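If you read the protein sequences in the order shown, they are chains A and B.
Using the working numbering, the first residue of the first sequence is number 1, and each one after it goes up by one.
Using the working numbering, the first residue of the second sequence is number 1, and each one after it goes up by one.
Any given hint might turn out to be false.
[Unchecked claim] Quick list of simulated restraints, FRET-style, between CB atoms:
#, chain 1, residue 1, chain 2, residue 2, range
1, A, Lys-226, B, Lys-87, 54 to 62 Å
2, A, Gln-231, B, Ala-161, 26 to 34 Å
3, A, Gln-231, B, Val-109, 35 to 43 Å
4, A, Ile-15, B, Asp-144, 28 to 36 Å
5, B, Asn-108, A, Thr-102, 37 to 45 Å
6, A, Ile-233, B, Ile-102, 31 to 39 Å
7, B, Pro-37, A, Tyr-7, 51 to 59 Å
8, B, Gly-12, A, Leu-153, 28 to 36 Å
9, A, Ile-15, B, Gly-88, 34 to 42 Å
Keep in mind that the hints were calculated from the coordinates and are not lab data.
These numbers come from a predicted model, not from an experiment.
Cβ atoms here follow ideal geometry from the backbone N, Cα and C, with glycine treated the same way.
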Amino acid sequence: MKSIFEYTRGMNREINTYCPGCTHGIAHRLVMEALEENGDLGNAIGVSPVGCSILAHHVMNVDMLEAAHGRAPAVATGIRRVHPDKVVFTYQGDGDLASIGTGEIVHAAHRGEKFSTFFINNAIYGMTGGQMAPTSLVGQKTTTSVNGRDERLVGKPIRMAELIATIEGAAYVERVALDTPANVRKAKRAIQTALEVQKAGLGFSFVEILSTCPTNWGLSPVDSLKFIKEQMIPYYPLKVFKRPLELMKESK
Amino acid sequence: MEKKFLLTGFGGQGVLLIGQMIAYGAMYEDLEVTWMPSYGPEMRGGTANCTVIVSDKPIASPVPSQVDVLLAMNEPSLNKYLGQLKKGGDLFINSSIIEKKIEGDQYNVHYVDCAAIAEDYVGSSKSANMVMLGAILDATKVLDPSVMEKTFQKTMKGKKAKFIPSNMKAVNAWRELKNV
């Protein structure tokens, strides 16, 4: 019997401590599948963030470094410049990238660093106990916005993909989501495109991935997927914000 | 009098809460107390444990090398921490999920099927940790069990207050079942 689908060798199945319904599992798998399909599992170096996915290096079967909170793009800059032949990526959450790490990500894009960033946006701080993130939605209740995010006090959520797309050094910027099988397939293609852009030396690539946090949203796994569709996507549109001319010829 | 507890299990079993109840109870009895938690980054699961020291004199350090009482709510914790229990100490094993039995008589071993007691006697499967707390209080006699009423009133407010009656039943369950 011919095997048509196998679990990627890029994932260590025994050690997965993410919560039930967390889409980190899917996001990890898509990145690792893309690397395996390119034959790059032995050629990749990832940088994990601080957050729930601080444990990414337990699950992802590639060489990885941990960085201090928010500094993954700085660490990845060093790695990529010293190892120009390796495939380098950062995998970061919204606290790591959009809060403490806004300086690092903006300047990595600004310099056009040739690595890929996979940005997990779940509109909340997960590991630290469900506090409001820069990406939390107006009205969203979190442990530090108990009556719902008030835009008069703390402003509206930040749209990172849009922001990064304005920077010249960012060659490829797309936002995707993991709420439906169709969107998961699109997310995989975006990740593959990011890696292609990196390999072609075209500049910085950035994929924002709308994800769930059932534990801190206080929703069931199924309702969490609905939250992405009904609440997040209206504010965080799914689209390609920027794509290098060289890739424009391919229509996806 | 000084008693050192190491309470261990996985995240979500309510191990840290057991420690807090002992700590607050000791405060209500005007004893010195330290409570020190330790847990991994996981939001669910992972390891969780706390060290509680109860004393009638000021406590120099919250970090004991050996403890008088060890609670193991799951087997990996039992394996990991048994070495920290002093000889002759009290060992509480959650026999609802731990099948391992301890050979020899170097420890006072108490096998507590807390999940079954919680489900059948108390009528609330989620109070297994409180059943275990009751077993610990009964065997070590470190606190008067009636002080739990005060600690529950203090810590379970608002929406949580409705759990106080079942938690009181759970914390008394081990002692009551022994005398049956």
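Checked hints:
At about 56 Å, the CB distance of Lys-226 of chain A to Lys-87 of chain B agrees with the hint of 54 to 62 Å. The given range of 26 to 34 Å is respected by Gln-231 of chain A and Ala-161 of chain B, whose C-beta atoms sit roughly 32 Å from each other. One distance hint, 35 to 43 Å for the beta-carbon pair Gln-231 of chain A and Val-109 of chain B, is violated here, with the actual separation near 52 Å. Between Ile-15 of chain A and Asp-144 of chain B the C-beta distance comes to about 44 Å, which lies outside the given range of 28 to 36 Å.
A beta carbon spacing of about 56 Å between Asn-108 of chain B and Thr-102 of chain A contradicts the range 37 to 45 Å that was offered as a hint. Between Ile-233 of chain A and Ile-102 of chain B the beta carbons are some 55 Å apart, a value that contradicts the proposed interval 31 to 39 Å. Separated by about 36 Å at the C-beta atoms, Pro-37 of chain B and Tyr-7 of chain A break the suggested range of 51 to 59 Å. Take Gly-12 of chain B and Leu-153 of chain A: their Cβ atoms lie about 34 Å apart, and the range 28 to 36 Å holds.
The beta-carbon spacing between Ile-15 of chain A and Gly-88 of chain B, approximately 37 Å, falls within the hinted interval of 34 to 42 Å.
Going through the hint list in order, the structure does not satisfy hints 3, 4, 5, 6, 7.
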